[in-house]
Amino acid sequence: MMNAPRVESVVPYAPAVAVPPWKKAAFAVAITLACGLPFLLSDYTLFQSGQVCSYAIALLGLNILTGYNGQISLGHSAFYAAGGYTTAILIDRFGFAYGWTVPASGALCFAVGFLFGLPALRLAGTYLALATFALALSVPQILKHFGEWTGGTQGMVVPKPDAPPMLHLNSDQWIYYLTLGCLLLLMLVAWNLLRGRIGRAIVAIRDNPVASQALGINNALYKTLCFGLSAAYTGVAGSLAALSVGFVSPDSFTALLSITLLVGVVVGGLASIAGAVLGAIFIQFMPSAAYEISKAAPWAIYGVSLIICMYAMPGGAASLLTNVWRRAARRFR
Amino acid sequence: MSALLELRCVEAFYGRTKALHGLDLEVREGGITALLGANGAGKSTVLRAVCGMIPTRGQILFAGTSIAGKAPEEIARCGIAHVPEGRATFGSLTVEENLRLGAYVRKDRSNLPSDFKRIYATFPVLFQRRRQAAGTLSGGEQQMLAVARALLLRPRLLLLDEPSLGVAPLVTAEIFRVVSELNKGSGVSVLLVEQNAPLALDLAQTAYLLETGRVVASGPSGMLKEDEAIRRAYLGY
Amino acid sequence: MDALLQQIVSGLATGGIYAAVALSLVMTYVATNAVNFAQGEMAMFSTFLAWAFIQSGMNYWVAFFVTLAISFVGGVAIERTVLRPLERAPVLAITIVTIGLLAIFNSMAGWIFDYTVRPFPSPFSASPIRLGGVVLSSHSVGSLAVTLGLIAAVYLLFRHTPLGLAMRAAAQYPMASRLVGIRVGWMLALGWGFAATIGAVAGMLIAPVLFLDPNMMGGILIYAFASATLGGFTSPVGAVVGGFLVGIIENLAGTYIRFIGTDLKLTVALAIIVLVLIVKPSGLFGRPQAHQA
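Chains as they are written, first to last, in the working numbering: chain E, 1 to 333; chain C, 1001 to 1237; chain F, 2001 to 2293.
Heads up, a few of these hints could be off.
Which residues of chain E face chain F? A few of them, derived with a C-beta cut under 8 Å, are [said to hold, decoys possible]:
| id | residue |
| --- | --- |
| 1 | L118 |
| 2 | R122 |
| 3 | L123 |
| 4 | G125 |
| 5 | L137 |
| 6 | S138 |
| 7 | Q141 |
| 8 | G199 |
| 9 | V266 |
| 10 | S294 |
| 11 | K295 |
| 12 | A296 |
| 13 | W299 |
| 14 | A300 |
| 15 | G303 |
| 16 | L306 |
No farther apart than 20 Å at their CA atoms in a straight line, the calculated lysine to aspartate or glutamate pairs in the EDC-like style are these [to be verified]:
| id | chain 1 | residue 1 | chain 2 | residue 2 |
| --- | --- | --- | --- | --- |
| 17 | C | K1070 | F | E2087 |
| 18 | F | K2265 | E | D251 |
| 19 | C | K1070 | C | E1174 |
| 20 | C | K1018 | C | E1174 |
| 21 | E | K295 | F | D2114 |
| 22 | E | K160 | E | D92 |
| 23 | C | K1225 | C | E1211 |
| 24 | C | K1117 | C | E1097 |
| 25 | C | K1117 | C | E1174 |
| 26 | C | K1184 | C | E1029 |
| 27 | E | K295 | E | D251 |
| 28 | E | K295 | F | D2213 |
Computed beta-carbon distance windows for the label pairs [stated by the list, open to error]:
| id | chain 1 | residue 1 | chain 2 | residue 2 | range |
| --- | --- | --- | --- | --- | --- |
| 29 | F | R2084 | E | P159 | 50 to 58 Å |
| 30 | F | L2275 | C | R1131 | 35 to 43 Å |
| 31 | E | Y311 | F | Y2060 | 37 to 45 Å |
| 32 | E | Y311 | F | G2057 | 38 to 46 Å |
| 33 | E | P164 | F | R2084 | 56 to 64 Å |
| 34 | F | R2084 | C | K1107 | 24 to 32 Å |
| 35 | E | Y311 | C | K1107 | 49 to 57 Å |
| 36 | F | T2116 | E | T153 | 21 to 29 Å |
| 37 | E | G147 | F | I2278 | 22 to 30 Å |
| 38 | E | A220 | C | T1212 | 50 to 58 Å |
Derived from the structure by calculation, the hints contain no laboratory data.
Backbone N, C-alpha and C fix where the C-beta goes; we use that ideal spot for every residue, glycine too.
Assemble the whole structure, with the sequences as input and the hints as a guide.
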């Protein structure tokens, strides 16, 4: 019938299979390379690489919610901001050690995300996009308004952490390793979660909520947990980013950041863990390169990427690479 | 009488499931043809295949030209009016708006006022309820509305899918009477899908008996009515 | 009392703009089942085109109507090329594509016309109008008149023309519409065309007030979202009523609630969106959508 129901998911779910050896090798190489970067790159490029790691954590979070669970969010800049400001305020007003602020951000954002997920249960796709967009838009204004806590329009300084004296690293290198370490840990957690029973439940809810409910999955619980977890990841990312940049201000956390994160997830690959890193590389390095061409170029490229990905590569860069490698591997067998 | 509608070796699919298997069928110009069979035999599927609502393979010819693969709206514009199962009335629009949409593609708009008069005369209840939302009408009234709307297209071929379903016998009889008069008067050809076999065989000149997507018997309706074996096996009486 | 009336009337004037953009949002929503995040940027781009025509010496009203025609064709073209292949795609995909369009239109405007803020002419005189104790700029009154005229035209189209009837049927009952011969795809494309045209009118009416730059419609879009949410995304009447209500609420809240002042004005729109979505997602006039938890 012409009135066939809409396709329910953008990316079909690939069942958990044993990780092929080429993937394991690729990961090992990537991790080794990542660990060696502080000794290969200039300070600024290292800083950017650290930002890539933070973005990757945020994209992992957004992916859990939007890619795997199908709940669109245009509001994740709010959680990124929450993470950054939690760190800033805890260090500045309460004298916390920087190390504790990261899990604190995670916990706080989990709670906020979970609470936001409750009313979100009643909102279908488009309305959820609107509600989260409204959330993202309100953040800079709210941050500016509560100036005594947030430093208002000027923002707040976040002192850069010093490396433990036994490792002979400078601040920048230390914060890079910290971020990288968190990224690897959180990737492992996400990977384990998503390939197991919980992951299948989450995807089942995305693809067919009626069926999943009928199968005994508590849709409401899983959906709100996804929101919470997603927010927690993004909060941690914001926290680490703040420590790296050394500064938080309301205008760094506009709705445009939410859209940027969405671009990262779409281009990197919805429902893909490796995609989070690929997407993060894209959103960190493409704009500065494109800016050389024209002030308008970065967003034009973002827009075109979004559309192309929805048409040609719903699986994003991650699926493209997988396909290319598979085809190459087949030829060499 | 030549064939107005011809199906040759037609297969039809719902997704990847094949529902019609190499079906051959014909509706003669000016005739009424009935499609009979049990539930799930594929009767409605034939109508949907003709209208382009589902993917098909094989030849579907209307007045000699192929309509297979065309979009439903183009097929409607060729002069085929389909009254589907469930009637497909525009529930939130008024009866009058429903009827006007039936005539939407008509090029001879000057004939519309007289057509409307005739429809309202044939179905007085539609005139009474012309400003009511179609969704508030009873089952039988909606069926009359669906048929009336199809007639306003001034179709050459009328496809009727289970007009008696969920409708009181008096209303069914009235609809069948209207269709019969229309066929005799204006020569509109009809392809009728019905589970109520005796009623259908009384109205139609030719009938096809379907079972799981295939034609198992066909011929003049008189012959099918007489054949005891067929009657008992397929028509339930 | 006069001050209150003043605020209400000027709220109506801006409300008219919100109503127009909200009406566009409803028309595209009904056609594609997703909110068109690019509606504001499309309107902004149309306004830039008008500006370019006027700069080249064209008479204001000629430029106005030429822009409307181009916007109409553009809207139809976008629906047919970019959105039609995604007819059966998930709402998420369509939403992402409209966000992509937002980015593209914004950057195209920035690239072709650059980011400097520039003035846009108003066709109405500069002298204010006095009605009793209320003082209004001619532009506000003129804007309101144009938007009311536009809304009336849309109403006439949908309620009293065969085309409007076919468009309504195509949006709500696509299959049944096909069976009576309506080319549903083109009806939806026309919906986008009209939406783009209405947006262009709104853009050209607000540009003299806000000044023209690529980011001009950002705030307006949010208010339009609030209006459509309040009125109901499936209801054109709702969009219009919502628009005027939001205009009045925004003005009154900004003036009388000191906590809000001028910087948190946008928060009023956001609060409206969130409140409506929590209490009654389908809005005042919208049809409740079937939803699974």
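G147 (chain E) and I2278 (chain F), beta-carbon distance inside 22 to 30 Å?
holds, 28 Å
May I ask you to test the hint 38 to 46 Å on the CB atoms belonging to Y311 (chain E) and G2057 (chain F)?
Between Y311 (chain E) and G2057 (chain F), where Cβ atoms are some 41 Å apart, the hint holds.
Against chain F, run the beta carbon of K295 (chain E) and see if the smallest gap drops under 8 Å.
For K295 (chain E), the interface hint holds, since the closest Cβ of chain F sits about 6 Å away, which is under 8 Å.
Are G125 (chain E) and chain F close enough, Cβ to Cβ, to be under 8 Å, as the hint says?
At 4 Å from the nearest chain F Cβ, G125 (chain E) passes the 8 Å test, so the hint holds.
Do the alpha carbons of K1225 (chain C) and E1211 (chain C) lie within 20 Å of each other, as the hint requires?
holds, 17 Å
Taking only the CA atoms, is the gap from K295 (chain E) to D2213 (chain F) under or equal to 20 Å?
Given that 20 Å is the threshold and the Cα spacing comes to 14 Å, the pair holds.
Residue hint L306 (chain E), partner chain F, criterion CB-CB below 8 Å:
Hint holds; L306 (chain E) Cβ to chain F Cβ min 3 Å, cut 8 Å.
Do the alpha carbons of K295 (chain E) and D251 (chain E) lie within 20 Å of each other, as the hint requires?
Given pair K295 (chain E), D251 (chain E) holds - Cα atoms ~18 Å apart, limit 20 Å.
Should the hint that Y311 (chain E) and Y2060 (chain F) are 37 to 45 Å apart at their CB atoms be regarded as holding?
holds, 40 Å
Residue hint Q141 (chain E), partner chain F, criterion CB-CB below 8 Å:
holds, 6 Å
Restraint status (C-alpha distance of K1070 (chain C) to E1174 (chain C) at most 20 Å):
violated, 33 Å
Hint check for R2084 (chain F) and P164 (chain E) - Cβ pair distance inside 56 to 64 Å
This hint holds: roughly 59 Å between Cβ atoms.
This entry does not satisfy hints 1, 8, 19, 20, 35 and 38, going by the numbered hints stated previously.
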